[in-house]
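*Asks:* Sequence:
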Amino acid sequence: MAWLYDKKIDGLYSYGPQNRNSWIHVVGLGWKLLWGDHDCQSEAMTIMLSHARSENRNVNLEEENGTIKTLYVW
1 MAWLYDKKID GLYSYGPQNR NSWIHVVGLG WKLLWGDHDC QSEAMTIMLS HARSENRNVN
61 LEEENGTIKT LYVW
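Counting from 1, position 45 in the sequence shown corresponds to residue 45 in the working numbering; the numbering is continuous, with no gaps.
It is worth saying that the hints were derived from the structure and are not from the lab. Treat the hints loosely; a few may be bogus.
[Stated by the list, open to error] Derived Cβ-Cβ restraints for the label pairs, each shown as a range: (1) 58 / 17: 30 to 38 Å; (2) 17 / 74: 31 to 39 Å; (3) 17 / 60: 28 to 36 Å; (4) 62 / 40: 12 to 20 Å; (5) 27 / 67: 12 to 20 Å; (6) 17 / 56: 28 to 36 Å; (7) 70 / 27: 27 to 35 Å; (8) 72 / 38: 26 to 34 Å; (9) 74 / 18: 25 to 33 Å; (10) 72 / 17: 28 to 36 Å.
[What the hints assert, rightly or not] 30 Å max Cα-Cα, derived BS3-like pairs, lysine-lysine: (11) 32 / 7; (12) 8 / 32; (13) 69 / 7; (14) 32 / 69; (15) 69 / 8.
Where a beta carbon is used, it is the ideal one built from N, C-alpha and C, also for glycine.
Make a model of the complete structure from these sequences and hints.
*Replies:* Put into structure tokens, the structure is as follows:
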């Protein structure tokens, strides 16, 4: 696991017919899958990151094997 600090989000992707299939594009790092073990967590993370993108906020992300498991939006 690695923490990524003060990152910007410049893209979001969710595929509707499949639950828990949300991706974010992190500036300088590319596309990352959001952890999808629970519907409510996947939805909450997508909403938080959408806010971060629209308000140009910094985010701290915990990544494990290309998947974002924990995040903070500032």
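*Asks:* Evaluate each hint against the coordinates.
*Replies:* To see whether the hints hold, each was checked on the structure:
no. : hint                : in the structure
1   : 58 / 17: 30 to 38 Å : holds, 32 Å
2   : 17 / 74: 31 to 39 Å : holds, 33 Å
3   : 17 / 60: 28 to 36 Å : holds, 31 Å
4   : 62 / 40: 12 to 20 Å : holds, 18 Å
5   : 27 / 67: 12 to 20 Å : holds, 18 Å
6   : 17 / 56: 28 to 36 Å : holds, 31 Å
7   : 70 / 27: 27 to 35 Å : violated, 19 Å
8   : 72 / 38: 26 to 34 Å : violated, 18 Å
9   : 74 / 18: 25 to 33 Å : holds, 30 Å
10  : 72 / 17: 28 to 36 Å : holds, 30 Å
11  : 32 / 7              : holds, 13 Å
12  : 8 / 32              : holds, 13 Å
13  : 69 / 7              : holds, 15 Å
14  : 32 / 69             : holds, 10 Å
15  : 69 / 8              : holds, 17 Å
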